[in-house]
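K.L.:
Here the structure of chain A is known, so what remains is to put chain B in place on it, guided by the hints.
Line by line, the protein sequences are chains A and B. With the first letter of the first sequence counted as 1, position 41 gets the number 25 in our numbering; the numbers rise by one all the way through. To get our numbering, take the position in the second sequence, counting from 1, and add 641.
Hint data in this document are derived by calculation from the structure and do not stem from the laboratory. Glycine included, every Cβ here is placed at the ideal spot set by N, Cα and C. Among these hints, one or two may not hold up.
Stated by the list, open to error - Derived DSS-like pairs: lysine-lysine, alpha-carbon spacing no greater than 30 Å straight-line: (1) B:K755 <-> A:K41; (2) B:K678 <-> B:K699; (3) B:K683 <-> A:K41; (4) B:K712 <-> A:K41; (5) B:K683 <-> B:K755; (6) A:K6 <-> A:K41; (7) B:K678 <-> A:K6; (8) B:K755 <-> A:K(-1); (9) B:K709 <-> B:K699; (10) B:K678 <-> B:K709; (11) B:K755 <-> A:K(-3).
Said to hold, decoys possible - Covered stretches of chain A, going by a simulated chain B footprint (3 or more residues, C-beta under 8 Å): (12) 38 to 48; (13) 67 to 78; (14) 90 to 96.
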Amino acid sequence: AAGVIQSPRHLIKEKRETATLKCYPIPRHDTVYWYQQGPGQDPQFLISFYEKMQSDKGSIPDRFSAQQFSDYHSELNMSSLELGDSALYFCASSLPQGSNTEAFFGQGTRLTVV
Amino acid sequence: GENVEQHPSTLSVQEGDSAVIKCTYSDSASNYFPWYKQELGKRPQLIIDIRSNVGEKKDQRIAVTLNKTAKHFSLHITETQPEDSAVYFCAASSEGSSNTGKLIFGQGTTLQVKP
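One chain only, chain B, in its complex shape:
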């Protein structure tokens, strides 16, 4: 089955710096890669996603890159702010009529942005 590895487990940056979180996946059939932000005790919230037909996607301060050959994808947050502090999860899934769409999550990265 699919396995997703996420690094680093913790990341501390100064406000205004950039943060990068990396994930690798094992199943070449995976074609949908969402990123979730989760605050303590709350639901995971989708912040950005990418599908395997594109290599990069950007939404304001957040960008995601995908390297299908190497089976890895990364989250980039620029100009970090204290409110970006949270746990971030990457995930992998297979979309399509013959797939169930279940998400396999990485282990999570605790991001701390210091003012």
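Excised from the complex, chain A in its bound form:
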């Protein structure tokens, strides 16, 4: 069965550079979530989209932005990268609210800022 696809799997950037992470949800899933997981930490909710509109916002820095496109894939744009942005970034997708909303996680993108 198709799963959530994230790219790239690994990314190394220098401080102050920009990065773009991509997420392709499971077909027919129109809700996408982004989470950031630092070393030894629990995943922290960043932002979510439903039907291409932002549906919720968590602890996402102003330097980050995201959007969901017409094909439901999502991109997380990160600018002015800092060392503290080094983390695993997970995307998850689910069916619309009101149905079974189990979230399926992608394999994650490991971002290293040097």
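P.N.:
Coordinates of chain B only, in the frame set by chain A:
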């Protein structure tokens, strides 16, 4: 906003013993409580979940209980095996058309099963 507390942070058991991990949540609107197992560097994988309309759910060696009044839920693993060793996260969410379904995670429990 929702806050989820998870205990213990580390748990070491002998193979064959049981393991129990406990979580409490703060938002009475939360109605969906999944548990995830995460191996180092890999994605969280759902192992069991429970919704607020039931008090207990079991799947082979894994069970989850929910006490809505006390706002706490627990994961029980019986007959533990070395391959159960991983980090376990509880989470809370609100399902429904007026909710976004974001997950708020507990801090995680590192479970070590000794052969």
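K.L.:
Against each hint, give a clear statement of whether it holds in the structure.
P.N.:
Evaluation of the provided hints:
1. B:K755 <-> A:K41: 41 Å, violated
2. B:K678 <-> B:K699: Distance of about 16 Å is within 30 Å: holds.
3. B:K683 <-> A:K41: Satisfied, since the Cα-Cα distance of roughly 24 Å is no more than 30 Å.
4. B:K712 <-> A:K41: Measuring from Cα to Cα gives roughly 24 Å; hence the hint holds.
5. B:K683 <-> B:K755: 22 Å, holds
6. A:K6 <-> A:K41: 18 Å, holds
7. B:K678 <-> A:K6: Within the cut-off at roughly 24 Å; holds.
8. B:K755 <-> A:K(-1): Roughly 42 Å separates the two Cα atoms, so the pair is violated.
9. B:K709 <-> B:K699: Holds, because 18 Å separates the two Cα atoms, which is no more than 30 Å.
10. B:K678 <-> B:K709: 23 Å, holds
11. B:K755 <-> A:K(-3): Judged against 30 Å, a Cα distance of about 39 Å means the pair is violated.
12. 38 to 48: holds (count 3)
13. 67 to 78: Result for this restraint: holds, n = 4.
14. 90 to 96: The restraint on the segment 90 to 96 of chain A holds, since 4 of its residues have a Cβ under 8 Å from chain B and three suffice.
When each numbered hint is compared with the structure, violations occur for hints 1, 8, 11.
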